[in-house]
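Enquirer: Here is what each chain is made of, one letter per residue.
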Amino acid sequence: MSSFQRDVFINKIYEHAERNKNIFFISADFGAPALDKFRTNLPDQFIHSGISEQHMIDMAAGLALDGNKVYVYAMAPFISIRCLEQIKCSLAIMNLPVTVLAVGVGLGYADAGPTHYLNEDISIMNSIVNLDISSPSDEISTNYIAQTTIDVPKLRYIRMERNNLHNVYSSDHIFNKDGYEKIHSGENICILSSGYMLHKAIDAQKLLSQEKIDVSIYDVISIKPLSDKLIKEIGKYETIVTIEEQTLNGGFGSIIVNALAKNGVSPKKIKCLGLADKYYFQNGGREFLLNENGLSAESIYKTIKTI
Amino acid sequence: MTNLNIKALENKCKWLRSECFEMLLSVKQGHPGSILSQIEILVCLYYGGVIKYFKNEPFHPEKDKIIISKGHAAMSLYPIFSDIGYFKKEELENFGKSDSLLKLFGNISIPGIDCTSGSLGHGLGVGCGFAYSAKKRNAKNKTFVILSEGEMYEGSVWESALFASHHSLDNLIVILDRNRNIILGDTEECLALEPIKDKWMSFGFHVDNVDGHSIMDLLDSFDSINKVSNKPKILIADTTKGKGISFMENKPNWHYWNPLSDELIKKARSELTINE
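Those protein sequence lines, which keep their order, are chains A and B. Under the working numbering, the first residue of the first sequence is numbered 1, with each subsequent residue one higher. Under the working numbering, the first residue of the second sequence is numbered 1001, with each subsequent residue one higher.
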């Protein structure tokens, strides 16, 4: 089991912040062991904004306009939709180098219910101009994205998983600059996903391979910008399957379908798997809700088998 | 300050009102009420020695920051910025044309505009970022934020007020343009804001009330708050919406531009003429 994405990310920023006093990390009262180290050792570069996400984003804009690299950090629903207008007006319109770190995307906080889980953020954030969206799937890709925010400062929204995930990549993996990775090679069918759901896709692929159905899997780390090269590459498959822990209204699947249309790529079949247009209050947790929505590895395997 | 200097600043106010009126008239849109109520505040900042700036150098690192949080009134800075050499005077004549540098609302592509604004309630938070950053750099830059009273309805303003106070941002100076009118009328009838002074004091601000159209009052107040340390500061400037053009004063419908007869244009110009 690898480390939590939030700790990996913050530790990487910490390494740079020790040398660069123009790096600021702001939390709206959301923690992590790595953040405890950061705020203890670099108190002048850590800011507690209060549980005030709107203020946090506006203040980040002021800090960035004054020449600083700024990271803002909170639980996913509150740092995205709660302060969406601040992200648009104070960050996106001025195109400022601020990194928005959203922890617990998708059904990460399923037990708490729909105020705390986030089933709409891809759709909503994708519509914000100047904002890139990254969705790491393990410790290694998280580390890579964190380093990218240092190397190429710009406005980014990072979708981070609440729980720790198995590593998909080896520690020496070299990520390509197109923002996607081919995890497994198969024929006829390809699956596109990222983050937590990438792991479901991998598990489903293993079940399919037992029946000699070999599918390709792509980890779409950069949801925005989305690589045209990826879209052209997947055009060779008869069937494209997208898997997301989001409602399908404007989500990841819609983005892929739009990109296919834009690039004039027409596969025989496209299947977008995601959550129903519904808020859930049932107990049972994340896996229960995923299964309800046909998004367990077993369900995905069955769906793909019948395509 | 001598009477002569006060008179010169009052004339500067007439000049700025006149420039703003002609810009608004040229595009037949914009927000005269809110622009005209903050004229004395801006003249004191830029011509009364309050804000630090460097002629012809809009990006000088030691200059103070200005945020007109009520972005619909930011265009009243353009004549000043042109006057102090931030851009050519021809840009004012070009105002509102499709290839113009200058827009109805201010944005950071315009030299001198430190923060894009328009949507209410963001300026104080961005100002906190400027002020906090300056403190961490041990820089002397101050940040001036002009808020409309209407922004006090936005919750984000109070989130930022908490922060400014907790961090004793005494390099943050807020000027509240209290012209009493929002689009649908008197704030106290729409949804009461008073007691405004108590609210800001309870949030830990040093508060001063001032006649927002008195050069002498404003300069005295800026001078006195300059001596206060360890607290963010706010001047509550009592103003008149549409000040200086009689038929616009205290008229909610002049929040936005209205068609004008030749006779009213003449009347406005006459009221804004500098009589030596």
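These are calculated hints, taken from the structure and not from any lab test. Among the hints, erroneous ones may be present.
Unchecked claim - Straight-line Cα separation of at most 27 Å, DSS-like style, residue types lysine-lysine; simulated pairs: (1) B:Lys1140 with A:Lys21; (2) A:Lys12 with B:Lys1136; (3) B:Lys1028 with B:Lys1063; (4) B:Lys1052 with A:Lys21; (5) B:Lys1135 with B:Lys1199; (6) A:Lys88 with B:Lys1097; (7) B:Lys1097 with A:Lys69; (8) A:Lys12 with B:Lys1135.
Just so you know, these numbers come straight off a predicted model, no measurement behind them.
Enquirer: Regarding the pair Lys1028 (chain B) and Lys1063 (chain B), is the alpha-carbon distance no greater than 27 Å?
Expert: Roughly 33 Å between the alpha carbons, so the hint for Lys1028 (chain B) and Lys1063 (chain B) is violated.
Enquirer: Starting from Lys12 (chain A), check that the Cα of Lys1135 (chain B) is at most 27 Å away, please.
Expert: 26 Å, holds
Enquirer: Compare the distance between the alpha carbons of Lys12 (chain A) and Lys1136 (chain B) with 27 Å, and conclude whether the hinted pair is satisfied.
Expert: Judged against 27 Å, a Cα distance of about 22 Å means the pair holds.
Enquirer: Is the Cα-Cα distance between Lys88 (chain A) and Lys1097 (chain B) 27 Å or less?
Expert: Between Lys88 (chain A) and Lys1097 (chain B) the Cα gap is close to 26 Å, so the pair holds against 27 Å.
Enquirer: For the pair supplied as a hint, Lys1097 (chain B) and Lys69 (chain A), is the alpha-carbon distance within the 27 Å limit?
Expert: Violated: Lys1097 (chain B) and Lys69 (chain A) sit about 35 Å apart, past 27 Å.
Enquirer: Take the C-alpha atoms of Lys1052 (chain B) and Lys21 (chain A), compute the straight-line distance between them, and say whether it is at most 27 Å.
Expert: 26 Å, holds
Enquirer: When you check the alpha-carbon spacing of Lys1135 (chain B) and Lys1199 (chain B), does it fall within 27 Å?
Expert: Within the cut-off at roughly 26 Å; holds.
Enquirer: Next pair to validate is Lys1140 (chain B) with Lys21 (chain A); report whether the Cα-Cα distance is within 27 Å.
Expert: The hint holds at about 18 Å.
When held up to the earlier numbered hints, the structure conflicts with 3 and 7 and fits the remainder.
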